[in-house]
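Number of protein chains: 2
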Amino acid sequence: MATGRTMEVGETCPMNGGDGPYSYSQNSHYQREAADAAKTMIMDSILDKLDIQNLLSNTLKIADFGCSVGANTFQAVQNIIDATKTFNSNKTLEFQVFFNDLTGNDFNNLFTTLPTPREYFAAGVPGSFHCRLFPNATLNIAHSSYSLHWLSRVPEEVVDRESPTWNKGRVHYTSNLKVFYAYSAQFKRDMEGFFNARAQEIVGGGLMLLLLPACQDGFLPCETSVSRQYDLFGSCLMDMVNMGMMSEEKMDSFNLPIYLTSPMEFRELIEANGCFTIEKMENFNPYENQDLPDFHVLATHFRAATEGLIREHFGIKSRKIMEELYDRFADKMAENTHLFDMKNMKEFIIFACLKRKNVDFNAEKNQNC
Amino acid sequence: MATGRTMEVGETCPMNGGDGPYSYSQNSHYQREAADAAKTMIMDSILDKLDIQNLLSNTLKIADFGCSVGANTFQAVQNIIDATKTFNSNKTLEFQVFFNDLTGNDFNNLFTTLPTPREYFAAGVPGSFHCRLFPNATLNIAHSSYSLHWLSRVPEEVVDRESPTWNKGRVHYTSNLKVFYAYSAQFKRDMEGFFNARAQEIVGGGLMLLLLPACQDGFLPCETSVSRQYDLFGSCLMDMVNMGMMSEEKMDSFNLPIYLTSPMEFRELIEANGCFTIEKMENFNPYENQDLPDFHVLATHFRAATEGLIREHFGIKSRKIMEELYDRFADKMAENTHLFDMKNMKEFIIFACLKRKNVDFNAEKNQNC
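Order-wise, the sequence lines are chains P and U.
Mind the numbering: the first sequence is residues 1 to 369 in this note's numbering, read in order.
Mind the numbering: the second sequence is residues 1 to 369 in this note's numbering, read in order.
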């Protein structure tokens, strides 16, 4: 029986809704580039690993976890469907696609922008993907792109003034390793929830296709470009504090609920769950041959993903303060172009294709999160 | 293969979203009273007619077609789930509930007001229920309350100035029988689409539970109270035209896409489809022992359901005009209390429990609408 606990988990703010200049749908082409680069890997994985002849029904059920709004989720779904068409199957498949994101996602916008015509029946599923969202054994393909690095919450100890792990004046785990370990432990808890839930929802033989930003094994957080970019963002917030536009206490208690895993760590978490085989796991960098980004565009992308968090945490309604904050961020990035030198970059995208083992899930120890 | 044509059908405006004073969620307790009165019939139907021992899976899939927003859809779903709990079954069921309404429905509001905790996995399904919305044979129980009387469109000929069926100066089929027949033909087309789509989506042995307002057999439209109420509403629009607040041309081309079937007609349409057996069909009047309604409350209910239509058709943005229109309607109803005398009322609610026949639907002539 579903316990309906999906709403009890702390939910971070979803991406900016609508289709305005700061919306995620208008500011997600970096994510799109990663998805485009992974398209061949995704299609090859489906062709190689999906046992379409042994499907129990003629309906292929696909879910995109952390879909947000905009073209990226529709393109990802279409890639999956296109891959199944290259099968030499005597089945006439129907497709049912579930678009999942946090309850606060702009599903109204998602629904009104669904492609027409389309080859699938569409549904929206609100709730945190760290918990159960579907009945047992009802999904054939689970997909998630650029979502798993979002934590369900900031680790408690990093915002506790009494804790040695208090992350004063910073917004990410660059200050010391204790903060990093607290983030890592939260990521572990979140992935346990994610894998346990998906293990119950995906049919035996079903696939999970995951894309997530990560760091190379063995590097310290302060050595990664992205953490240092977050440091720049933190320094912009501190500037705003110093100008009296934000409270220092709020600044000290703000941390980005974002974590970049490593291939080794991610593999360990999958293996600890035990319900999936790792069919493929590759790293790639879709941006490696690119010039320096347009920093205002990059700041606007970051804004689409974080503005909701900032507004909620700081209780900010003023548009002017938001403009100031993200303009500063763009300027600081432009002053620190070395952070964007691909030669030094320790980040890439993990692509993983997992297959649900054919086991009796009633006998397993999976917990309903 | 799903053809994805769900979005090509003309979609009338959904109910008012949000939770403000004119929202459907705050103005649907008349519908709630009908659903409450039908609760026992719905629960008895499930107990009598659902073959729960022969379910192919442990997941019971329920869809509410035309769910709108607010407590009514959640209560209807809970009634269905509660009914299944009284079965003496050795199965541990999971429930997956699909909330369907037009794409423009306020799904964001629906999702944020989902009950917590809840016993089911929830999904939203945007699109017209006159078309396919789900893969073949994937639903166990389809429910629809106070929705099927909404037509997918106003019949073309009633807004054609060159047609003998032009419904000048009226908003419903009270002017002459030609207009009534045009509405009836549209209802027939819509129900063909609805029954064909559901016949494909509901598993053999699955149930369809329908509640819809209707008129007694054999009465002329002008004899029904509700049509005469719509005449009053039309006269309010005409008043607005005469005061220069609306265009006469717009008024002449406006008609309510609402049709009240009769038990005989509805039965014929079910039988013409041929895929369902009629397990129960009853008429009831949840309001028969009630005093006169509060006419301002009644007008606000009507506003929640029709304001979107009126704004779209007349291109009205002014709140003042809307206030004037629905205030006038309340006043005119209060001046015509005889329309609300239950002794003369020819309307009631049809409750129908249909069961999907166990037939090979590949061999049937159902058309994907």
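Hints may contain errors.
Capping the alpha-carbon separation at 25 angstroms, the derived lysine to any residue pairs in SDA-like fashion look like this [to be verified]:
#1 U/85 with U/54
#2 U/357 with P/231
#3 U/85 with P/136
Derived from the structure by calculation, the hints contain no laboratory data.
Verification of the supplied hints:
1. A C-alpha spacing of about 16 angstroms is found between residue 85 of chain U and residue 54 of chain U, which places the hinted pair at or below 25 angstroms, so the restraint holds.
2. For the suggested pair residue 357 of chain U and residue 231 of chain P, the alpha carbons sit about 64 angstroms apart, so the restraint of at most 25 angstroms is broken.
3. Our distance criterion of 25 angstroms between C-alpha atoms is met by residue 85 of chain U and residue 136 of chain P, whose separation comes to about 19 angstroms.
In summary, the one numbered hint that this structure violates is 2.
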